[in-house]
Structures are given as C-alpha cells and as structure tokens.
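*Asks:* Here is what each chain is made of, one letter per residue.
There are 2 protein chains.
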Amino acid sequence: MAKISRLSGFPELLPSGRVIEQHILDTAREIFELHGFLSLETRAVEPVEQMQRDGEIDKEIYVLRRLQATADEADLGLGLHFDLTVPFARYVLEHAAALEFPLRRYQIQKVWRGERPQEGRFREFTQADIDVVGKDSLAFHHEVEMAVVMSSLLASLPIPRAVIQVNNRKLAEGFYLGVGATDTQRVLRAIDKLDKIGPDRVRVLLETEAGLTPAAAAKCLALAAISTPDATFVDQVRALDVRNDLLDQGLSELSAVVTGANAERPGSVVADLRIARGLDYYTGTVYETQLVGFEAAGSISSGGRYDDLASDAKQSYPGVGISLGVTRLVSILIAKGLVTASRAVPSAVLVAVADEASRAASELVARQLRRRGIACEVAPSADKFGKQIRYADRRAIPYVWFPASAAEGTAGDTVKDIRSGDQVDADAATWQPPLEDLKPKVFATADTSTASKESS
Amino acid sequence: MAKISRLSGFPELLPSGRVIEQHILDTAREIFELHGFLSLETRAVEPVEQMQRDGEIDKEIYVLRRLQATADEADLGLGLHFDLTVPFARYVLEHAAALEFPLRRYQIQKVWRGERPQEGRFREFTQADIDVVGKDSLAFHHEVEMAVVMSSLLASLPIPRAVIQVNNRKLAEGFYLGVGATDTQRVLRAIDKLDKIGPDRVRVLLETEAGLTPAAAAKCLALAAISTPDATFVDQVRALDVRNDLLDQGLSELSAVVTGANAERPGSVVADLRIARGLDYYTGTVYETQLVGFEAAGSISSGGRYDDLASDAKQSYPGVGISLGVTRLVSILIAKGLVTASRAVPSAVLVAVADEASRAASELVARQLRRRGIACEVAPSADKFGKQIRYADRRAIPYVWFPASAAEGTAGDTVKDIRSGDQVDADAATWQPPLEDLKPKVFATADTSTASKESS
Chain A
1 MAKISRLSGF
11 PELLPSGRVI
21 EQHILDTARE
31 IFELHGFLSL
41 ETRAVEPVEQ
51 MQRDGEIDKE
61 IYVLRRLQAT
71 ADEADLGLGL
81 HFDLTVPFAR
91 YVLEHAAALE
101 FPLRRYQIQK
111 VWRGERPQEG
121 RFREFTQADI
131 DVVGKDSLAF
141 HHEVEMAVVM
151 SSLLASLPIP
161 RAVIQVNNRK
171 LAEGFYLGVG
181 ATDTQRVLRA
191 IDKLDKIGPD
201 RVRVLLETEA
211 GLTPAAAAKC
221 LALAAISTPD
231 ATFVDQVRAL
241 DVRNDLLDQG
251 LSELSAVVTG
261 ANAERPGSVV
271 ADLRIARGLD
281 YYTGTVYETQ
291 LVGFEAAGSI
301 SSGGRYDDLA
311 SDAKQSYPGV
321 GISLGVTRLV
331 SILIAKGLVT
341 ASRAVPSAVL
351 VAVADEASRA
361 ASELVARQLR
371 RRGIACEVAP
381 SADKFGKQIR
391 YADRRAIPYV
401 WFPASAAEGT
411 AGDTVKDIRS
421 GDQVDADAAT
431 WQPPLEDLKP
441 KVFATADTST
451 ASKESS
Chain B
1 MAKISRLSGF
11 PELLPSGRVI
21 EQHILDTARE
31 IFELHGFLSL
41 ETRAVEPVEQ
51 MQRDGEIDKE
61 IYVLRRLQAT
71 ADEADLGLGL
81 HFDLTVPFAR
91 YVLEHAAALE
101 FPLRRYQIQK
111 VWRGERPQEG
121 RFREFTQADI
131 DVVGKDSLAF
141 HHEVEMAVVM
151 SSLLASLPIP
161 RAVIQVNNRK
171 LAEGFYLGVG
181 ATDTQRVLRA
191 IDKLDKIGPD
201 RVRVLLETEA
211 GLTPAAAAKC
221 LALAAISTPD
231 ATFVDQVRAL
241 DVRNDLLDQG
251 LSELSAVVTG
261 ANAERPGSVV
271 ADLRIARGLD
281 YYTGTVYETQ
291 LVGFEAAGSI
301 SSGGRYDDLA
311 SDAKQSYPGV
321 GISLGVTRLV
331 SILIAKGLVT
341 ASRAVPSAVL
351 VAVADEASRA
361 ASELVARQLR
371 RRGIACEVAP
381 SADKFGKQIR
391 YADRRAIPYV
401 WFPASAAEGT
411 AGDTVKDIRS
421 GDQVDADAAT
431 WQPPLEDLKP
441 KVFATADTST
451 ASKESS
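Protein chains in written order, with the working numbering: chain A, 1 to 456; chain B, 1 to 456.
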C-alpha cells in the first residue's frame with residue numbers, strides 16, 4: 001500500500017477517542033430504550049429525486065455510480081442519505097402495514113453531506129435520532145417528551161451542561177402573518193441568518209426580500225430577541241401587540257413544552273424565539289441545543305415536529321423527533337480535552353506467558369476469567385515479565401496475571417495491580433476486579449459539569 | 001412523499017428482525033471485548049485507486065460524486081469501502097505512530113458492493129470483523145486464536161451449529177509448486193471454482209489455463225478433496241507424494257490451527273483443503289464457515305492471514321482477521337424462521353393513563369421504573385383501559401401499570417401481567433419484573449442447535 005492522506009471532512013478516531021464515542025452511543029441507546037424507543041436502521045441510500053423534494057439541501061448530496069457501470073445504468077439515481085428523518089419517513093410509508101402506531105424508534109447511523117468541511121461540520125458523521133410517528137394524528141404531549149428524553153440523555157453524559165432552546169413554527173408563522181407578511185417562509189429564512197449576519201442586515205432582508213414594512217420588520221426582530229427560561233415569553237410576545245389565531249396556538253404549545261419539560265428536568269429547556277431551523281418540513285415545536293461555554297460550536301441536538309413528511313394517498317404520518325449530533329459532540333469533547341477514558345482497550349487483565357510451551361495454561365486462565373465476564377488478553381509473546389508488564393502499562397490494562405507455572409517462587413497463581421504494585425494470590429475461578437476496573441470508564445476531565453446536572 | 005419502491009440488494013429489517021440483528025451485534029461485541037479487542041470504525045470511503053490495488057474486486061465499487069459538482073471536481077476519486085480489511089490496513093498505516101502493536105481491534109460497520117443482488121448477496125451489508133495486526137512480525141498463534149474467538153461467538157448465538165473450514169495458502173501454494181505449477185495463482189483460481197463448475201471442468205482449466213500436466217491436475221483435485229476434522233489430513237496429503245518446503249510449513253501450520261482450536265472448542269474447526277478464498281492478499285491460514293444444514297447460503301464467516309496488506313517504506317504490518325457476515329446470517333435466520341424474539345420493543349411495561357389530567361402521575365411512575373433500569377412507555381392516549389391493554393398486547397409488552405389515580409376501586413398502584421391476567425399491588429419504587437421479562441429475548445425457534453454447542 002502506498003501513500004496515505006487524511007480526507008478532510010471524514011473524521012476517524014483513535015482508540016482513545018472511539019471509547020469516548022462508544023460511551024456516548026451506549027448511553028444514548030440505554031436512555032432511548034428505557035423510554036421505550038425501538039431500534040431501526042434504514043439503508044444508506046435513497047433515490048436522489050426523493051431527497052431533493054423532502055430535504056431542500058440537494059446540493060450537498062453524494063450521488064452513487066458503479067465504477068464499471070455500463071452506459072445504460074450510468075446513473076443509479078441513488079444518493080447517500082443526508083439525515084435520518086427523510087429515510088425514516090420513507091421507511092414508515094413503505095412498511096406501514098407491518099408497523100404499530102404510534103411508532104417510537106431510535107436510529108443511530110452515519111449520514112453524509114458534500115459540504116465544505118469546517119469546524120464542527122463534517123462530510124460523514126453519526127447521528128442518534130428518536131422520533132415518534134403517529135397514523136393520521138399524533139398527540140402534542142410527544143413534543144414535550146422529546147425535550148425530556150434528550151435532556152435526560154445529555155444529563156447522563158460526562159459533558160458540560162446543555163440547554164435545549166425551543167421555538168414553535170406556528171408561533172413564528174402566526175406572528176409573521178399578524179404583522180402583514182405574505183411570504184412567511186422568506187421571513188423565516190431571513191431570521192435564520194441572525195447569527196451569521198446580525199440584526200441590521202436581517203432587517204434589510206426583511207424589508208427588501210420579504211417585503212415587510214419597517215414597523216413589521218422591527219417587530220419580527222423584537223420577537224427573535226425574546227428568550228426566557230420559563231413561560232414569561234408569552235407576556236413579552238403579547239406586549240408586541242400582534243394578534244393571530246395561529247400565534248395563539250403556538251404560544252400555548254411553546255408554553256406547554258417549556259413548562260412541562262422544566263417540571264420534569266429543571267433548567268433543561270429555554271424558550272428562544274430566534275430558533276428557526278433550516279429544514280422547512282417542521283410545522284410545530286423546533287429544538288436546538290447549546291453546550292454551555294461552547295455555543296460557537298453550533299447546535300449539538302436539533303429536531304422538531306413535522307406533519308406532512310410522510311403521507312400517501314390514504315393517510316398521513318405526523319411525527320416529532322430530535323437528533324443528537326454525535327460526531328459534532330465528540331469532536332468538541334476531544335478537541336477541548338473535556339472527557340477522558342481510563343483506557344482504550346476492553347481488557348482488565350493481561351495474562352502473562354512464562355514460555356511458549358505453557359501458553360495453553362495462560363489461555364485456560366483467560367477462559368476462566370472471560371466466563372465470568374472479565375475481559376482479558378493473553379500476552380502475545382513470552383517475553384521477560386518486565387516487558388509483558390510494560391505491554392499492559394502502555395495500554396492502561398490495570399492487572400497482570402501470572403499463572404502458577406509462571407509465578408516464580410509461588411505455589412499458585414498471582415495477580416498484580418500494576419498501578420500500585422500490589423501482587424496477591426488469586427484463583428481464576430473466583431477472583432474479581434473492583435467494579436470500577438472491569439470496563440473502561442469515561443469521565444469529565446475537569447469539573448465541567450454544573451450543580452444543576454442530575455442523573456436521568 | 002410519493003411512490004415507494006424497495007431497492008433490490010439494500011435490505012431493511014422490520015422491528016422484529018432488527019431485534020434479532022441487534023442481539024447478534026451485541027453478542028459479537030461482548031465476545032470480542034471479552035477477548036480484548038478494542039472497537040474502531042473507519043470512514044465509509046476510500047480512494048478508488050487504493051481499493052483497486054488492494055482489493056481485486058474493482059468492478060463492484062460504488063463511486064461518489066457531489067450532486068452539484070462543478071466541472072473541476074467531477075470525480076472525487078472516492079468510493080464506498082467493499083470490506084473492512086482494506087480500510088483497516090490503511091488506518092493502521094495512517095495512524096501507526098499513535099497505535100500500540102500488536103493491535104487487537106474489532107470493527108462492526110456496513111460495506112457496499114455494486115454486485116447483482118441474489119440470494120445471500122447484498123449491495124449493502126454489515127460485517128463484524130476482528131483482526132490482530134503486528135508491527136514487522138505477528139506470532140502464528142493468533143491464527144489459532146481467530147478460529148477460537150469466532151467459534152466462541154458462533155456458539156453463543158441462537159443459531160444452527162457452525163463449522164469453520166480452514167486451509168492454508170502455504171500448503172496449497174507449496175503443493176502446486178511441488179507438482180510443477182509455474183503460476184500458482186491460476187491454479188488457486190481454478191480450484192476456487194470447484195463449487196460452481198465441478199471437478200471435471202476445473203480439471204480442464206488446470207490443464208489448459210494453468211498449464212498443468214494431467215497427473216499434476218489430478219493431484220491438485222485430490223488435494224482439494226481432502227477434508228478431516230483433525231490433523232489426519234497430513235497423512236492423506238503425504239500419500240499424494242508431493243515434496244516441497246512451503247508445503248511442509250503449511251501442513252504444520254494447518255495442523256496447529258485444527259488441533260489447537262479443537263482442543264479449546266471441540267468440533268469447531270475442520271481442515272478443508274478445497275477452501276481457496278477469492279482475495280489474493282492472504283498468505284497463510286484462510287477461514288470459511290458453514291452453517292450446518294444451510295451450506296448453500298455460503299460462508300457466514302471468512303478471513304485469513306495476510307503479510308503484506310499494510311506496509312510502507314519503513315515497515316510492514318502483518319495481520320490475521322476473520323469476519324462475521326452479519327447481514328447474510330440474519331437473512332438466513334429470518335428467511336428460515338430459525339430465530340424468534342419475545343418482543344420487538346424494549347418496553348417491559350406500559351404505564352396506563354386514566355385521563356389526560358393525570359398524565360403527569362403516569363410519567364412519574366415511568367420515571368421511577370426507568371431509574372431502576374426498567375424500560376417503559378406511557379400510553380399515548382387516555383383511551384379506555386381495554387384499548388390501552390391492547391396497545392401493550394400488540395407490541396408484546398408483558399406488563400401494564402395502573403397508577404393509583406387510575407386503578408378503579410384500589411387504594412394504590414397495581415400492575416397486570418397481560419399474558420396471565422394476574423394483577424397485583426405494586427410500588428413503582430421497588431417493583432421488579434422477572435429477569436426474563438426485563439429485555440427482549442432472542443432464542444432459537446426450534447431446536448436447531450445441536451448437543452455439541454456450548455456457551456463460550
């Protein structure tokens with residue numbers, strides 16, 4: 001094999017990073033399953049035509065072709081999925097007859113986008129999604145539930161405090177209609193640029209491209225500036241003196257999400273009326289999530305309610321979902337050194353080998369330990385014991401086991417904690433390491449978590 | 001969203017199938033970690049040029065292009081990986097300075113091949129690989145270990161008995177040289193076709209394309225016909241009266257694998273001198289695996305020793321690996337109805353809701369259960385209890401919980417086993433379901449496992 005070059009936007013982790021990612025994925029799965037979400041995976045490819053219709057980010061799709069394609073099959077019409085929501089909606093339609101609704105599923109997979117790579121943006125990345133999808137209707141309380149489940153997951157991870165920022169499309173759209181907007185989508189797209197270009201240039205967009213009056217534009221900017229940790233945003237919106245039925249419904253829903261989620265998980269959710277979300281399939285609550293102290297890295301968890309993503313001639317399948325950006329989160333944690341793993345290898349024990357003739361005896365010890373759930377490996381060569389201990393030390397394997405045949409001057413097996421140097425007699429049929437040594441531990445490097453963090 | 005059509009070769013599982021796949025993936029991970037293999041993932045794409053050089057299956061590669069690619073970037077030169085060995089070898093070279101050798105890693109990912117889909121062959125499928133890679137050298141005993149670990153995994157799964165068939169490239173190549181072959185690769189490729197075209201047509205290939213004498217061709221066919229459950233194959237090969245040093249080394253290695261693996265796991269491995277393996281990067285032991293009674297479905301686990309896959313100017317990284325074809329195995333299990341799951345959803349309990357006003361009380365019960373590791377969900381709507389019980393029944397959720405406010409005529413909470421109809425008083429802070437109900441169970445539908453199967 002010849003030259004090697006890293007591919008920009010396609011991150012790969014070293015073992016020490018992978019064990020951190022694995023911990024996050026395991027915790028996500030555990031929390032999702034505790035909340036009754038079943039696991040699904042969809043194929044990596046979708047018809048490009050479909051993704052263009054549903055996704056609105058067509059330029060970022062990777063299209064596939066067979067290397068040895070014949071002329072008549074030059075274009076497969078297939079592309080790699082760019083999120084997990086559009087494929088899941090397609091899966092629901094395709095398999096509706098075999099599914100039970102409301103369907104609660106989680107989906108942890110890679111997605112691909114042909115974006116220009118930059119800080120926090122990747123071409124290949126892993127998402128962990130939950131969605132609840134109903135048949136014809138879906139109760140509103142699931143919009144509260146999404147925030148609760150995700151905040152429960154975020155609080156279970158060894159990461160800085162995370163705050164979910166919630167808004168509501170009905171609230172925004174109703175407000176825009178109430179100030180006289182005729183193209184609410186254009187208003188939304190202008191507001192979505194607040195972080196990038198600032199309020200002065202957004203005001204210009206609102207007046208020129210979205211055709212708002214200066215007064216209406218000012219009210220839309222005032223709306224976007226509202227952010228409260230509770231339902232007091234309602235009074236602030238009312239003070240802007242805009243009346244619209246859809247706005248009322250949105251205010252009521254957003255209150256319920258903020259109040260409901262904070263009742264279960266205090267401080268987990270804020271109402272932030274600037275949140276717009278790029279994808280236009282959302283129709284109700286929308287979520288974004290900031291890691292406190294690392295806001296510039298962008299949202300680590302986003303989603304929303306959608307009514308029309310999956311529907312056919314007979315019925316619709318409204319849903320609500322939220323997604324954890326696993327790769328983005330892991331990249332922040334690793335880049336900033338926020339999280340540490342006790343070791344990268346699963347082995348709690350290295351079984352030493354005295355000489356190649358006695359390798360079978362060492363394998364037998366390993367088998368006995370594994371039978372009781374203790375991960376271990378047998379030394380790859382019968383080097384001097386000092387060298388075998390260094391093999392364990394370099395991998396942070398905490399224990400080295402010396403079978404009787406190998407233990408000089410002792411009658412039976414011994415096991416050495418290579419951190420303390422303590423060496424004790426041991427029986428492979430009964431010896432147990434302390435629970436904290438059994439598996440690699442992943443923990444916050446510094447005290448980046450705050451007092452308000454609790455376990456789920 | 002409009003028309004839906006399944007894509008041939010891109011299988012998707014329903015929840016009941018996914019829970020079976022999940023069980024296989026979880027068991028693979030557990031067994032791999034118990035044996036000290038760490039987890040790694042590589043990016044999904046590799047430079048096409050590299051894959052063509054290493055893989056020899058270039059025509060099956062899917063190539064990527066950005067949908068909105070400009071003329072100067074029309075070809076990214078990237079393709080989806082078709083296996084996990086070539087990407088892992090590249091990863092080892094790229095990150096060698098940060099890795100500890102010998103490196104023991106497992107890798108569970110999807111791979112893609114632009115093949116024509118057929119029974120047991122997919123365009124997208126999941127593999128679960130283990131490899132051990134050394135720096136400059138790798139001890140032979142790892143070639144025994146691969147067979148032991150994979151057979152340990154296969155015996156831990158609720159599947160029919162599996163037998164690993166082992167051969168050795170040195171043995172085959174030495175033998176071919178010993179009978180006078182000048183192009184051993186051509187002989188190997190002809191022998192590889194035995195299953196497809198039969199011995200008579202292979203004999204023609206050996207004489208015409210590989211240029212063997214009729215006597216030499218007959219000996220090669222006789223070699224391929226040898227299969228023994230122990231080291232007695234050595235005498236059978238000796239009886240063919242071919243002498244070659246490389247053959248001797250191969251015989252000795254293959255004996256050691258068959259004897260060593262069967263000593264640890266009786267009946268797990270047979271020597272089968274017909275096994276050739278398509279990829280030409282193997283240099284020592286090669287493995288294939290048959291599911292007994294389902295041989296026609298093809299090998300469910302394959303691999304081998306490779307000396308030169310990863311090397312640069314300074315050093316080489318010889319390795320040995322074996323891969324479980326998860327998608328192929330799962331497709332056999334589901335198609336033949338060999339495996340059943342007790343339920344597809346994680347929830348052990350459905351918490352009933354008496355009316356929407358008391359939903360918070362039901363959520364509180366759920367939170368208490370989850371805190372103790374009991375997966376549950378809250379009824380999505382406050383229907384009549386009969387309908388809520390049917391919600392649980394349709395998903396095979398075994399228990400329905402009635403909070404005090406909801407339980408008619410009782411003072412406190414009750415929980416009902418909807419299979420037996422038994423309903424008892426219960427406290428959400430202490431109640432525990434029987435262990436076998438806590439998580440979905442996956443088990444062999446009929447007694448397809450044989451007496452020789454043991455747990456790992």
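Errors might be hidden in some of the hints.
Heads up, the list lumps identical chains together, so a pair's fine if it works in one copy or across two of them.
[Stated by the list, open to error] Listed next, the in silico DSS-like pairs over lysine-lysine satisfying Cα-Cα at most 30 Å (straight line): (1) Lys439 to Lys135; (2) Lys384 to Lys196; (3) Lys439 to Lys387; (4) Lys196 to Lys441; (5) Lys441 to Lys135; (6) Lys439 to Lys110; (7) Lys314 to Lys384; (8) Lys387 to Lys314; (9) Lys110 to Lys196; (10) Lys387 to Lys196; (11) Lys384 to Lys439; (12) Lys387 to Lys110; (13) Lys110 to Lys441; (14) Lys441 to Lys387; (15) Lys314 to Lys193; (16) Lys135 to Lys387; (17) Lys384 to Lys135.
Calculated from the structure, these hints are not laboratory results.
*Asks:* Take the hints in turn and mark each one as holding or not.
*Replies:* Structure-based check of each hint:
Proximity of Lys439 and Lys135 under a CA criterion of 30 Å is satisfied inter-copy only: 27 Å between copies versus 42 Å inside one chain copy. Taking the shortest alpha-carbon separations for Lys384 and Lys196, neither the intra-copy value of 61 Å nor the inter-copy value of 51 Å comes in at or below 30 Å. With identical chains, the CA atoms of Lys439 and Lys387 are at most 30 Å apart within one copy only, with a shortest distance of 24 Å there and 44 Å across copies. Neither within a single protomer nor between protomers do Lys196 and Lys441 lie at most 30 Å apart by alpha-carbon distance, with minima of 39 Å and 50 Å respectively.
Proximity of Lys441 and Lys135 under a CA criterion of 30 Å is satisfied inter-copy only: 28 Å between copies versus 42 Å inside one chain copy. Proximity of Lys439 and Lys110 under a CA criterion of 30 Å is satisfied in both settings, with 26 Å inside one chain copy and 26 Å between copies. For the homomeric pair Lys314 and Lys384, the shortest alpha-carbon distance between copies (27 Å) is at most 30 Å, but the shortest distance inside one copy (73 Å) is not. Taking identical chains as interchangeable, the C-alpha atoms of Lys387 and Lys314 lie at most 30 Å apart only when they sit on different chains, with a minimum of 24 Å there against 70 Å within one chain.
For a Cα distance limit of 30 Å, the shortest separation of Lys110 from Lys196 inside one copy, 27 Å, qualifies, whereas the shortest one across copies, 37 Å, does not. Taking identical chains as interchangeable, the C-alpha atoms of Lys387 and Lys196 are never at most 30 Å apart, the minima being 56 Å within one chain and 50 Å between chains. With identical chains, the CA atoms of Lys384 and Lys439 are at most 30 Å apart within one copy only, with a shortest distance of 27 Å there and 46 Å across copies. Proximity of Lys387 and Lys110 under a CA criterion of 30 Å is satisfied in neither setting, with 40 Å inside one chain copy and 38 Å between copies.
For the homomeric pair Lys110 and Lys441, the shortest alpha-carbon distances inside one copy (25 Å) and between copies (27 Å) are both at most 30 Å. Taking the shortest alpha-carbon separations for Lys441 and Lys387, only the intra-copy value of 25 Å comes in at or below 30 Å, while the best inter-copy value is 44 Å. Taking the closest pair of Cα atoms, Lys314 and Lys193 never come within 30 Å of each other, the shortest separation being 38 Å inside a single copy and 51 Å across copies. In the homo-oligomer, the alpha carbons of Lys135 and Lys387 lie at most 30 Å apart only across protomers (16 Å), although the nearest pairing inside one protomer, at 63 Å, exceeds that limit.
For the homomeric pair Lys384 and Lys135, the shortest alpha-carbon distance between copies (19 Å) is at most 30 Å, but the shortest distance inside one copy (67 Å) is not.
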